[in-house]
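**Student:** Hey, can you work out the whole structure from these sequences and the hints?
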Amino acid sequence: QQKVQQSPESLIVPEGGMASLNCTFSDRNSQYFWWYRQHSGEGPKALMSIFSNGDKKEGRFTAHLNKASLHVSLHIKDSQPSDSALYFCAVAGGSNNRIFFGDGTQLVVKP
Amino acid sequence: DPKIIQKPKYLVAVTGSEKILICEQYLGHNAMYWYRQSAKKPLEFMFSYSYQKLMDNQTASSRFQPQSSKKNHLDLQITALKPDDSATYFCASSQDNWGQYFGPGTRLTVL
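These protein sequence lines are chains A and B, in that order.
Numbering-wise (this note's numbering), the first sequence opens with residue 1 and increments by one.
Numbering-wise (this note's numbering), the second sequence opens with residue 1 and increments by one.
To be clear, the hints were calculated from the coordinates, so they are not data collected in a lab.
Where hints are given, some of them may not hold.
[Unchecked claim] Lysine to aspartate or glutamate pairs mimicking DMTMM-like chemistry, simulated, CA-CA at most 20 Å apart:
1. Lys7(B) x Asp85(B)
2. Lys41(B) x Glu9(A)
3. Lys41(B) x Glu42(A)
[Said to hold, decoys possible] Partner residues are not named here, just some residues of chain B that face chain A (Cβ under 10 Å, in silico):
4. Gly16
5. Gln37
6. Phe64
7. Trp98
[To be verified] In silico negatives: residues of chain B with every beta carbon more than 12 Å from chain A:
8. Ile4
9. Lys9
10. Ala13
11. Glu44
12. Met55
13. Ser69
14. Asn72
15. Gln77
16. Asn97
17. Val110
Everything numeric in this text was worked out from a predicted model, so none of it was measured.
Where a beta carbon is used, it is the ideal one built from N, C-alpha and C, also for glycine.
**Tutor:** This is the structure in structure tokens:
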């Protein structure tokens, strides 16, 4: 069964700093990867997807995928207090046809 | 316009009772899901349905029964409620297995 692990569990960065979130997965057949963000009291919302090896940039957010090393990451540049949230990595397309979520990284951006 | 409606937003129940959590999606998706979120497990997959058929069930207890009366509805019936069932329950939907869209959740408290 696919295992998706995120690190760190929690992260505190100063406003304007860089936040780096990591995710490893176990199924080498995995093809589709998402980052979700969940603000307190809301449901998770898809932030960005990445399906090919390399970097994908959307504004202040950059996702990086390395399928060979079973690793996907999310980097948030110029972090803002509004980025404070729980971030989930989601992986799909492996041997089991469903999406697997990691346990999340709680990001706090301090003004 | 809300894309996924979950009712009620908050629910308080007594131990041993039965409740139904409602979910309706207006995204035209063919797949729907239930997840549970608690302090113990940040995002726990429960069920997936595709074209109103059960595809995957990761819930050990038969006290949790999904019900799909229409293709855009997936309700969750929980019987013999226990305090341990206290959590926020999220409904989600997707087109095939393509990135899930989450509802706002129902926060269940069992006394």
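**Student:** Next step is simple, just say for each hint if it's right about the structure.
**Tutor:** Each hint tested on the structure:
With a CA separation close to 17 Å, the supplied pair Lys7(B) and Asp85(B) stays within the 20 Å bound. Note on Lys41(B) and Glu9(A): the hinted pairing holds, with a Cα-Cα distance of about 13 Å set against a maximum of 20 Å. The hinted pair formed by Lys41(B) and Glu42(A) meets the criterion: a straight-line CA distance of about 16 Å does not exceed 20 Å. Checking Gly16(B) against chain A by beta carbon gives a least distance of about 29 Å; that is not within 10 Å, so the hint is violated.
Given hint, Gln37(B) at the interface with chain A, holds; its Cβ is 9 Å from that chain's nearest Cβ, closer than 10 Å. For Phe64(B), the interface hint is violated, since its Cβ never comes within 10 Å of a Cβ in chain A; the closest pair sits about 17 Å apart. Checking Trp98(B) against chain A by beta carbon gives a least distance of about 8 Å; that is within 10 Å, so the hint holds. At roughly 8 Å from the closest C-beta of chain A, the C-beta of Ile4(B) falls inside 12 Å, breaking its exclusion from the interface.
Residue-level check failed: Lys9(B) sits 10 Å from the nearest beta carbon of chain A, not beyond 12 Å. With a closest Cβ-Cβ approach of about 20 Å to chain A, Ala13(B) is found to remain outside the 12 Å limit, as its non-interface label requires. For Glu44(B), the shortest C-beta to C-beta distance to chain A comes to about 9 Å, within the 12 Å cut-off, and the non-interface label is violated. Chain A draws Met55(B) into its interface by the beta-carbon criterion, the shortest separation being 8 Å against a cut-off of 12 Å.
Consistency note on Ser69(B): stated as away from chain A, and its beta-carbon is indeed over 12 Å from all of that chain's, at 22 Å minimum. Even its closest Cβ contact with chain A, about 17 Å, leaves Asn72(B) beyond 12 Å, as expected for a residue assigned away from the interface. With 12 Å as the threshold on Cβ separation, the claim that Gln77(B) sits away from chain A holds: the shortest Cβ distance comes to roughly 21 Å. A beta-carbon of chain A is positioned within 12 Å of the beta-carbon of Asn97(B); the least distance is around 5 Å.
The claim that Val110(B) lies off the interface holds: its Cβ sits roughly 20 Å from the closest Cβ of chain A, which is beyond the 12 Å cut-off.
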